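Colleague: Sequential numbering of the sequence shown, starting at -3, is according to this note's numbering.
Incorrect hints may appear among the rest.
Calculated lysine-lysine pairs in the DSSO-like style (CA-CA distance at most 30 Å, straight line) [stated by the list, open to error]:
{"id": "1", "residue 1": "34", "residue 2": "133"}
{"id": "2", "residue 1": "126", "residue 2": "105"}
{"id": "3", "residue 1": "133", "residue 2": "105"}
{"id": "4", "residue 1": "146", "residue 2": "126"}
{"id": "5", "residue 1": "126", "residue 2": "34"}
{"id": "6", "residue 1": "146", "residue 2": "105"}
{"id": "7", "residue 1": "34", "residue 2": "105"}
{"id": "8", "residue 1": "131", "residue 2": "105"}
{"id": "9", "residue 1": "146", "residue 2": "34"}
{"id": "10", "residue 1": "34", "residue 2": "131"}
Label-pair ranges, simulated between beta-carbon atoms [to be verified]:
{"id": "11", "residue 1": "0", "residue 2": "81", "range": "18 to 24 Å"}
{"id": "12", "residue 1": "77", "residue 2": "56", "range": "17 to 23 Å"}
{"id": "13", "residue 1": "61", "residue 2": "131", "range": "27 to 33 Å"}
{"id": "14", "residue 1": "4", "residue 2": "81", "range": "23 to 29 Å"}
Rather than coming from a laboratory, the hints here were simulated on the basis of the structure. Quick caveat: nothing in here was measured; it's all calculated off a predicted structure. No residue lacks a Cβ here, since even glycine has one placed at the ideal position from N, Cα and C.
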Amino acid sequence: MPYTVDFDTVSTVGLESSPVAAALAGLRANEARYFRNKYDHVFTVESAGDTRPTVDWVHRILEDERGIVIASRPLETTAFQVDDMRFAYVFYESGLSINVMYSVDGLDKRAVGFKLSDGMEVPGELGAFKFARQKSKLAGTIRGSYFVIKGEY
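Given these sequences and hints, build the entire structure.
Modeller: Given below as structure tokens:
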């Protein structure tokens, strides 16, 4: 069942099994606020078990582009399109959030972003990436990195 992420009242609904559930909920709320403010899009998530095609698409891009296989269990996903941009998010039990931004009408904006919840270690499979820090009122300190997608998906 879809859950509309509320960035005014941060909730751990759907993320309870994560050891950093509160920080991951803040990260999810931070993303919801961004999309609401920038695109007037309501950010809703669903159980990863119910949205396997989204998880598979993100995992395929990671594997094909960089040989990355995420060890943590996916908890929730969302996938949507705003204008000519397709977005997909997967939130993992470890506190990791992976997003794919994919321009549907050209190669100009296609990237995978990684965000680490406050309090989690960098997963071994992402050890090659350098992470920048960002402060968030909702999520504390977010560490993020990305890479540009070169292939067609």
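Colleague: Next step is simple, just say for each hint if it's right about the structure.
Modeller: Checked hints:
no.	hint	in the structure
1	34 - 133	holds, 17 Å
2	126 - 105	holds, 20 Å
3	133 - 105	holds, 28 Å
4	146 - 126	holds, 19 Å
5	126 - 34	holds, 26 Å
6	146 - 105	holds, 10 Å
7	34 - 105	holds, 17 Å
8	131 - 105	holds, 25 Å
9	146 - 34	holds, 26 Å
10	34 - 131	holds, 18 Å
11	0 - 81: 18 to 24 Å	holds, 21 Å
12	77 - 56: 17 to 23 Å	holds, 18 Å
13	61 - 131: 27 to 33 Å	holds, 29 Å
14	4 - 81: 23 to 29 Å	holds, 25 Å
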